[in-house]
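Engineer: Going line by line, the protein sequences match chains A and B. According to my numbering, the first sequence holds residues 1009 to 1348 in order. According to my numbering, the second sequence holds residues 25 to 302 in order.
FYI, nobody ran anything at the bench for these hints, they're computed from the structure. All clues given are correct.
Here are the simulated BS3-like pairs of lysine-lysine, each with C-alpha atoms no more than 27 Å apart in a straight line:
hint	chain 1	residue 1	chain 2	residue 2
1	A	1217	B	129
2	A	1209	A	1120
3	A	1014	B	129
4	B	67	A	1124
Covered stretches of chain A (in silico footprint by chain B; criterion: 3 or more residues with CB under 8 Å from a CB of chain B, positions within the stretch not fixed):
hint	stretch
5	1237-1245
6	1273-1287
7	1299-1307
Label pairs and their in silico Cβ distance ranges:
hint	chain 1	residue 1	chain 2	residue 2	range
8	B	163	A	1214	51 to 61 Å
9	A	1020	B	63	46 to 56 Å
10	B	288	A	1180	18 to 28 Å
11	A	1180	B	296	18 to 28 Å
12	B	181	A	1019	29 to 39 Å
13	A	1020	B	163	33 to 43 Å
Glycine is no exception: its CB is placed at the ideal position from the N, C-alpha and C atoms.
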Amino acid sequence: MRNAFKSPPFLIGFMFIAILLFSSILNGFIYGEEIIQENTRYNSEGEAISSAPFPPSLAHPLGTDTDGYDLAHIIIHGAKYTLGAAICVSIGRVFISLFLSLIVTLYFKRLKHIIKEFSQSFSFIPSTLFTYFMLVSVVTMSIDGFQFTFSEQVVFQVFIMTIIAIPSLTLFLSEEMERFYTKPFVDGAKILGGSRLHVFKNHIFPYIKPVLFVSFGQNVVNALLILAHLGVLNLFFGGTYISFSPFTPVEKNSISYEWSGLIGSYLPLVATDPWIPLVPVLFFALSSIAIQLCIVGYQSSIDSNQNLKISKTSRKNELKEKEKHIQVKESDFKSVKQNV
Amino acid sequence: MSYIRQYILTIIGFIFIGALPFLFEGISMNISLYLKELGGLLKAIFNPAQLTYSIGLSERGLFPYLFTPVSYSLIILLGSLVISLIGAVMLVLLVFLLKRDVLHKIRYSISILEGVPDIFLLLLIQVLVVSLYKKTGYLLLNFTTMPGEQIYFLPIFLMSILPTLYLFRMLVIAFDEERFKSYVELARSKGIAWKTIILKHIFPNVLLTLFNNINQIIWIMLSSQLIIEYLLNSNGVFMFIYNYLSPEVLMTSLILLYTPLFVILLLFRVILNKRLPS
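Next up, chain A with everything else stripped away, as it sits in the complex:
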């Protein structure tokens, strides 16, 4: 893991996510729930010259939405919810699947193909549709208001998004483990009296660790994708707020400015003010690419690490070869007369 920080792609991706998360949390302390707003722009004589939405400019680097809220500020404000949710979901998926796959490989090897065929049914249902199906009754607001509190809805959504990927991830991890459990060095460790825990901890886990890191990254990307899709389907993280006020048209809003809600509520503007819906989608894309960069950097650092090891051993081999090739001369031998 330490080597990964030396690879530029990993560093770029990591810095992007870290800065976004850090500034989002810091923003919570400085501005609280306030968002920078500019509704109308005046000239020097105090006359209104234009009104929101403003396209991207120096004052508003990503422009403003139709109510004049600064989009860059909204994005930073919402980053902690969206990225945090994706990271939590991914951690949950990886840990639970690791635990389950360990149980499957150690105790229920025969059950594996049944689990495999059973989890096939999960691979023919789009995960977005499934999540939507499970969440729609809980997260959408009825005319009497929300049934559950914000934190309850958040926890439930994270829980559902975690469990949907567990069958396939468990299967994948247990197949990876099986690959190493059949290696001769595991047999050796078992014969020498290594307990199950010892064999796993010292002989299997070092090989599984990189797999875990990579699947953690992949699951963050997957969770972000599901969040973006749910946003398109008007199901927002932490609840969809629907204004039933008779004076305004029916509006669906996110209650926390998280990104999937931004996609959903800005999507109708795509024909008139295209930059507004593009901004949250762009940030989904950028963070997914940042995570992919991390994965690529990590993988290449592992590869170069192995190459380093190989080159070290090959250097040793070269030395041995040289020793072999030291020329043998005739003078090295003494002729000995045999006494008969």
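Once you have looked at the hints, place chain B on chain A.
Structural biologist: Frame of chain A; chain B shown alone:
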């Protein structure tokens, strides 16, 4: 025999999934309600004629109406799968024949592109088309669908962009691993041209690897098909499920969608197994 068992187990999986929303009453678990719904779905699957979906207050029979959206979605799915397969294979053959050494370099870097969410590409294309129309008055692609109209070109085009990338990456990795194997070396040492080796020896083997990962590709495509159908407002099966969401609708649509895919994949597997005894 194992195929039949796999089919039945998957169908049972669909039934379990269909009943899942009843496992949670609000956000608390209710297992007895789940089992009851499970029983109801099991009964329903043996009387398909009585399956209904509700529009407002009135109820209508699922069959035979459901066949229309399912066949429409299947045509789009299979069409874009075939197009992205052809596209990816042509791309990788081009790269392989022109510059073999690039494969190893781009092996990791193209997986960065996989981070691009489909919704980003969709919106970008839509925005570009709209701004082109605003500037020149030329409408490159029509993004609106009339009710009852079925469009094929646009959804197939949009759906085959990302799978082409995924398949391309898979093929690059498979080709990169395959070209150092000993049978390739043997063929090279016999003086066979690269072109023949690739087309006759490497390519069939790579196809097999590709085929083992086809489920994953289909899963990714199904996910983006839902969003594409939503954005284009087309009359596919996912919009049907979205509009008339209920356990019966979900279960029946999934079974109808899965069965032809299963048969097609099975046919391919049988053909491939005959041609490659290993």
